Amino acid sequence: MPRSSNICTIPERWILDVTTILKRGDDIHEIEWTTRASREWQIFGRFAEAYAAMLKVLIPGVQGKKVTMPIDEGPTYSFFFYAKSEQMYGKICLRYDGKIVIIYSAHKAERDTL
Amino acid sequence: MTTSPNPDIEMIDFEVRIPSLEGDEIGQVYTIKVPARKAADGEYRLTGNALELIERAHDRYMGLMTPQEIKKLRTNLKFTQKEMSELIQAGEKSYTRWENGKVRMSRLVNIILCAMRDGYLPMTYLQTLYKDGSDWYQKVQSHEAQLSQPIITPISAACIITTPVSAAVAALVVFKSDFLSYFRSFLKATTATLVCNPISV
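In order, the protein sequences belong to chains A and B. 392 is the number of the first residue of the first sequence in our numbering; add one for each residue after it. 56 is the number of the first residue of the second sequence in our numbering; add one for each residue after it.
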């Protein structure tokens, strides 16, 4: 992965909390999608397919980019994942309460850098 | 925009984008209402109920059998998931994911399952394509016996076909006009913009 500024190893604690929620996958209150992210992902498959694809890359040591959102709801990282033989761009926030994951982005990667 | 009983939740318009047959472009767009919560940043957030509505709309507009319908087809046939996956020569994990709604099946697999459901693809024919299915052979026989006269008699040449994709093609060849009529009606019902031209076989 070409490097850009703010590229870092995503903290293991964040990965553990996020993947625990993504694995459950169907809890009504634990995963929120922005309308934009859901509109972009829907063409690729079911929402659970996004969770499964993200879980494959969200393992300790994975590189990502810390992202600052206009309204800070919790630590947010962008990363690449793969679905339908395509490199996809994902951006996920783990809310400060640690109970809710917000999916800001899940779409085909437009660039090779995060 | 209307308001639902929960004051935090609003019903908003959501564009359901149906992929083209190639799968890489948007073929059609439909607008449905989904429940959403307005977040602090002013954006709407969708959760389980909304996501389920979107997926159901996708299934409906793409003409896909829903996970519930897939399961109903299998249980009506008294097959296990493993047996069903062998019958259509798909991986057991793939079949289970379609039935659980974890993965959206392809339109081609959907056509095969719809044809089975509607009696246009006799299981005895599918069975001839899968040589190792002896453990569920009796189930196929007993089920076929309960059905009305099978519409088409399989031909032995079709036995060399080994994949679902080629099985569908073989079905087109073997079943000729019956299957083509069904296939045309299927396309007509699900994709209004498509025209199924006559095919010579």
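Keep in mind that the hints are not guaranteed to be accurate.
To be verified - What follows is a set of in silico ranges between Cβ atoms, one per label pair, in the way DEER data are often shown:
#1 B:A95 with A:T411: 19 to 27 Å
#2 A:R427 with B:D173: 34 to 42 Å
#3 B:N131 with A:M460: 45 to 53 Å
#4 A:M460 with B:K133: 46 to 54 Å
#5 A:D503 with B:R115: 36 to 44 Å
#6 A:G452 with B:T86: 39 to 47 Å
#7 B:N61 with A:R415: 36 to 44 Å
#8 A:Q454 with B:G146: 27 to 35 Å
#9 A:E477 with B:E70: 18 to 26 Å
#10 B:K93 with A:G489: 16 to 24 Å
#11 A:L407 with B:G118: 37 to 45 Å
#12 A:S476 with B:E70: 22 to 30 Å
#13 A:R415 with B:T130: 55 to 63 Å
Stated by the list, open to error - Straight-line C-alpha distance at most 27 Å; calculated DSSO-like pairs for lysine-lysine:
#14 B:K93 with B:K127
#15 B:K148 with A:K475
#16 B:K127 with A:K457
#17 B:K93 with B:K137
#18 B:K148 with B:K88
#19 B:K194 with B:K127
#20 B:K93 with A:K490
#21 A:K414 with B:K194
#22 B:K194 with B:K93
#23 A:K499 with A:K456
#24 A:K414 with B:K93
#25 B:K157 with A:K475
#26 A:K447 with B:K148
#27 A:K499 with B:K137
#28 B:K126 with A:K414
#29 A:K475 with A:K447
#30 B:K157 with A:K490
#31 B:K127 with B:K148
#32 A:K499 with A:K457
#33 A:K499 with B:K127
#34 A:K499 with B:K88
#35 B:K148 with A:K414
#36 A:K499 with B:K93
#37 B:K157 with A:K447
#38 A:K414 with B:K137
#39 A:K414 with A:K490
#40 A:K499 with A:K447
Treat the hints as calculated values from the structure; they're not laboratory data. Remember, predicted model here, so these are calculated numbers, not experimental data. Just so it is clear, CB atoms sit at the ideal spot from N, CA and C, and this is done for glycine as well.
(request) Enumerate the violated hints, using their earlier numbering and listing them in ascending order. (result) Checked against the structure, the hints that fail are numbers 7, 13, 14, 16, 17, 18, 21, 22, 27 and 33, while the rest are satisfied.
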